[in-house]
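Q: Below, each chain spelled out in residue letters.
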Amino acid sequence: MNAFVRRSVPGLVARSFLCLTLALGLIAGCERQSPQSSGGADAAPAPQGDTIKVGHFGTLTGNEATFGQSTDKGVKMAFDEANAEGGINGKKLELISRDTRGRTEDSGSAVTRLIDSDKVVALLGEVASGRSIAGGRVAQAKGIPMISPASTNPDVTAIGDKIFRVCFIDPFQGFVVAKFASENLKVKKVAILYDQSQAYSTGLRKNFVEAFTKMGGTITTEQAYSGGDQDFSAQLTTIRETAPQAIFIPGYYSEVGNIALQAKKLGIHVPMLGGDGWDSAELLQIAGEALEGSFFSNHFSEENPRPEQAAFIERYRAKWSERPDAMAALGYDAAKILVEAMKKAPSLKSDELAAAIAATKDFPGVTGMITIDANRNARKSAVMLEIKGGKLTFAASIDPE
Amino acid sequence: MTKFLQTSIDGLAVGSLYALIALGYTMVYGTLKFINFSHASVFMLGAWFSLGVARLLGWGQAGAEVPIYAALVVLLATMTICGALGFAIERLAYKPLRSAPRLNVLITAIGIAMLIDNTAALEKKAEIAGYTIPIGFGTRPQRMPSLFQDKAVAEIAGVNIQFVDIVVVISAVVLMAGLQLLVFGTKLGAAMRAVSEDTRAAALMGIPVDRVISITFVVGTMLAAAAGFLFAAKYPGLNQPAAANWALLGLKAFVAAVVGGIGNIRGAVVGGILIGMIELFGAAYLFTQLRDVYVFVILIAVLLVRPTGLFPSGAVNKV
Numbered sequence: 000m001n002a003f004v005r006r007s008v009p010g011l012v013a014r015s016f017l018c019l020t021l022a023l024g025l026i027a028g029c030e031r032q033s034p035q036s037s038g039g040a041d042a043a044p045a046p047q048g049d050t051i052k053v054g055h056f057g058t059l060t061g062n063e064a065t066f067g068q069s070t071d072k073g074v075k076m077a078f079d080e081a082n083a084e085g086g087i088n089g090k091k092l093e094l095i096s097r098d099t100r101g102r103t104e105d106s107g108s109a110v111t112r113l114i115d116s117d118k119v120v121a122l123l124g125e126v127a128s129g130r131s132i133a134g135g136r137v138a139q140a141k142g143i144p145m146i147s148p149a150s151t152n153p154d155v156t157a158i159g160d161k162i163f164r165v166c167f168i169d170p171f172q173g174f175v176v177a178k179f180a181s182e183n184l185k186v187k188k189v190a191i192l193y194d195q196s197q198a199y200s201t202g203l204r205k206n207f208v209e210a211f212t213k214m215g216g217t218i219t220t221e222q223a224y225s226g227g228d229q230d231f232s233a234q235l236t237t238i239r240e241t242a243p244q245a246i247f248i249p250g251y252y253s254e255v256g257n258i259a260l261q262a263k264k265l266g267i268h269v270p271m272l273g274g275d276g277w278d279s280a281e282l283l284q285i286a287g288e289a290l291e292g293s294f295f296s297n298h299f300s301e302e303n304p305r306p307e308q309a310a311f312i313e314r315y316r317a318k319w320s321e322r323p324d325a326m327a328a329l330g331y332d333a334a335k336i337l338v339e340a341m342k343k344a345p346s347l348k349s350d351e352l353a354a355a356i357a358a359t360k361d362f363p364g365v366t367g368m369i370t371i372d373a374n375r376n377a378r379k380s381a382v383m384l385e386i387k388g389g390k391l392t393f394a395a396s397i398d399p400e
Numbered sequence: 000m001t002k003f004l005q006t007s008i009d010g011l012a013v014g015s016l017y018a019l020i021a022l023g024y025t026m027v028y029g030t031l032k033f034i035n036f037s038h039a040s041v042f043m044l045g046a047w048f049s050l051g052v053a054r055l056l057g058w059g060q061a062g063a064e065v066p067i068y069a070a071l072v073v074l075l076a077t078m079t080i081c082g083a084l085g086f087a088i089e090r091l092a093y094k095p096l097r098s099a100p101r102l103n104v105l106i107t108a109i110g111i112a113m114l115i116d117n118t119a120a121l122e123k124k125a126e127i128a129g130y131t132i133p134i135g136f137g138t139r140p141q142r143m144p145s146l147f148q149d150k151a152v153a154e155i156a157g158v159n160i161q162f163v164d165i166v167v168v169i170s171a172v173v174l175m176a177g178l179q180l181l182v183f184g185t186k187l188g189a190a191m192r193a194v195s196e197d198t199r200a201a202a203l204m205g206i207p208v209d210r211v212i213s214i215t216f217v218v219g220t221m222l223a224a225a226a227g228f229l230f231a232a233k234y235p236g237l238n239q240p241a242a243a244n245w246a247l248l249g250l251k252a253f254v255a256a257v258v259g260g261i262g263n264i265r266g267a268v269v270g271g272i273l274i275g276m277i278e279l280f281g282a283a284y285l286f287t288q289l290r291d292v293y294v295f296v297i298l299i300a301v302l303l304v305r306p307t308g309l310f311p312s313g314a315v316n317k318v
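Keeping their order, the protein sequence lines are chains A and B.
Residue numbers for the first sequence follow numbering that gives the first Met the number 0, beginning at 0 and rising by one.
Residue numbers for the second sequence follow numbering that gives the first Met the number 0, beginning at 0 and rising by one.
Next comes chain A alone, as it looks inside the complex:
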């Protein structure tokens, strides 16, 4: 006689299994380390004496994933070349990459992790200004020098004396696009569609408005969207009503594609202008022909013939089997400048390393001659690229005044 009543075991097993699966799913979603970190970062870290650890925090996954991945490839190439030449005083460079996943919150925690647990002596990153600011605050507070390859918002280096950049800043970039619009395209009325959730976009918009109105142009309307939005019909309809001669979209490439498609559907055929946030191989993959005849400012054009640049493009192609974009080139320059500074600095202590970076003068970078000025920014020229025949072609080069 079996009066023993059992709770349903299969049900219990199924529920435990489900809980475990859910927990694993949550964990998998939480931390995603870059699979591309240089050899040695995955295995037990080498003792501090043998290698010099440098951290790179970037958007390796997420909506603007090409930003982080291109930068990472440029940095890795620079470090591999430096290591092949003997490293820094015999010590090899080790790159540790952490993913910010395109989120400002993860930026700060990536930098904290790089500094506190990975014990890096210097940082490279990020591309997106908002994320550079978040990571930069942590780096400055902990006293680790950081070089941003491509963040253009002035607030990034304003954080403190340990934060540098190797690209131009948005006041100049806004001026560049405004000058191109009024002198080359000869337009007087421009509408603006900007990303209100990104510091880069709101900053560049302000700079463009200042520069363009000073050149005698008028802004017909300023419309906003939030990063991740997919429907821009309301904003584009309003823009269409104001009959602009061009539309300035200082956003990231992930949204520009959709914007261009919808603009064409609404019958807007004026040229579109953009900033360096457009630079990605995926821009045209999403937008297709909708961006024909549009222009954007950038740090680097493949067609601008300079010997260092041609050599870099060849080596990059040989190593990664793809063409380098501006982020890769800037990542390479930033890494090379860091290596130079490490060689010149008396030691790798943060104050001395920061001083050595600040003393960079006339460095022949792939993206141009780089001199770090008193504000820790670089004074460089910009190029305007045109999207013609599905390719990025060189339209103009504009120098700082």
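None of these hints come from the bench; they were simulated from the model.
Glycine included, C-beta positions come from ideal geometry on N, C-alpha and C.
Honestly, I wouldn't trust all of these hints.
Taking lysine-lysine and the PhoX-like style, the derived pairs with C-alpha atoms no more than 25 Å apart in a straight line are [as the list claims (entries may be wrong)]: (1) Lys32(B) x Lys186(B); (2) Lys318(A) x Lys124(B); (3) Lys263(A) x Lys52(A); (4) Lys188(A) x Lys186(B); (5) Lys2(B) x Lys264(A); (6) Lys187(A) x Lys2(B); (7) Lys264(A) x Lys91(A); (8) Lys318(A) x Lys123(B); (9) Lys264(A) x Lys90(A); (10) Lys342(A) x Lys90(A); (11) Lys2(B) x Lys263(A).
Cβ-Cβ distance ranges computed for the label pairs, FRET-style [what the hints assert, rightly or not]: (12) Ala125(B) x Ala83(A): 33 to 43 Å; (13) Arg314(A) x Ser7(B): 52 to 62 Å; (14) Ala202(B) x Arg14(A): 39 to 49 Å; (15) Lys360(A) x Phe3(B): 28 to 38 Å; (16) Asp350(A) x Ala125(B): 41 to 51 Å; (17) Arg14(A) x Lys186(B): 29 to 39 Å; (18) Leu71(B) x Lys141(A): 52 to 62 Å; (19) Leu71(B) x Asp398(A): 52 to 62 Å; (20) Glu302(A) x Ala243(B): 47 to 57 Å.
Place chain B on chain A using the hints.
A: Here is chain B on its own, set in the frame of chain A:
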């Protein structure tokens, strides 16, 4: 006039999408009395699976001719896949919790949503029998192949009416009418309504409650998948699966369901169109920066003034 007309058309198209998603929320609430927070994730999967199926079948590649039935095939395939997924979710995650407190199921739903989002965003691939099968869709935005002609069908007062918009609205109407017919014109529909009124009494009447609930879930999920396909058709640049905007869209559809009266099919449709119109008109005529704010302000207003929504379901609260 042009702007008014253009905004109305866009509002109608967007509203139809919200209505389709809201129907899923409403149906699940009606039968199971809980808000299925993983619905937005299924909507996202609908969009991404359409992309996957279209790519797999090689349609919409540059220059190639797209057969007329291509869109229908992709739609049906996506609905089937997501319907099967909905069935699996219901059986594995929600059924064991039928007698548990409502909070447990709610939390499970959120967990399922996170699981789906992050799994779909994985870049990993699996090697099975020599084939490399991608587990997730990766984290890059991708372009949905266009299965519809990209031309304007008509022009009224300077407004281009796109073929895609017409397809979206008509598909939504057809699906909603189909659902109405199912729920109010068939025996299965009567069973669904019975289960939603009183589960135990329905069981006593001989209705297979488990099966009916599963079918409700599957239908709701299939509608979300259809909405996902139509969304991908209208906005071809798809954001990555773990992006926040999918959840935001699902949330706005949830607001639509609440505004229309949760548990009520007609309410979900009216609510969806209403929310779509309000969002678009607010963005076009007022401040574009506050686009999402308008939708949620309506939610608060409705909850304050008329919490049961525009079309209250009329069911008396069980004691």
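Q: Now, for every hint given, state plainly whether the structure supports it.
A: Checked hints:
{"no.": "1", "hint": "Lys32(B) x Lys186(B)", "in the structure": "21 Å, holds"}
{"no.": "2", "hint": "Lys318(A) x Lys124(B)", "in the structure": "23 Å, holds"}
{"no.": "3", "hint": "Lys263(A) x Lys52(A)", "in the structure": "48 Å, violated"}
{"no.": "4", "hint": "Lys188(A) x Lys186(B)", "in the structure": "63 Å, violated"}
{"no.": "5", "hint": "Lys2(B) x Lys264(A)", "in the structure": "14 Å, holds"}
{"no.": "6", "hint": "Lys187(A) x Lys2(B)", "in the structure": "24 Å, holds"}
{"no.": "7", "hint": "Lys264(A) x Lys91(A)", "in the structure": "54 Å, violated"}
{"no.": "8", "hint": "Lys318(A) x Lys123(B)", "in the structure": "23 Å, holds"}
{"no.": "9", "hint": "Lys264(A) x Lys90(A)", "in the structure": "57 Å, violated"}
{"no.": "10", "hint": "Lys342(A) x Lys90(A)", "in the structure": "11 Å, holds"}
{"no.": "11", "hint": "Lys2(B) x Lys263(A)", "in the structure": "16 Å, holds"}
{"no.": "12", "hint": "Ala125(B) x Ala83(A): 33 to 43 Å", "in the structure": "36 Å, holds"}
{"no.": "13", "hint": "Arg314(A) x Ser7(B): 52 to 62 Å", "in the structure": "56 Å, holds"}
{"no.": "14", "hint": "Ala202(B) x Arg14(A): 39 to 49 Å", "in the structure": "23 Å, violated"}
{"no.": "15", "hint": "Lys360(A) x Phe3(B): 28 to 38 Å", "in the structure": "60 Å, violated"}
{"no.": "16", "hint": "Asp350(A) x Ala125(B): 41 to 51 Å", "in the structure": "49 Å, holds"}
{"no.": "17", "hint": "Arg14(A) x Lys186(B): 29 to 39 Å", "in the structure": "34 Å, holds"}
{"no.": "18", "hint": "Leu71(B) x Lys141(A): 52 to 62 Å", "in the structure": "58 Å, holds"}
{"no.": "19", "hint": "Leu71(B) x Asp398(A): 52 to 62 Å", "in the structure": "56 Å, holds"}
{"no.": "20", "hint": "Glu302(A) x Ala243(B): 47 to 57 Å", "in the structure": "38 Å, violated"}
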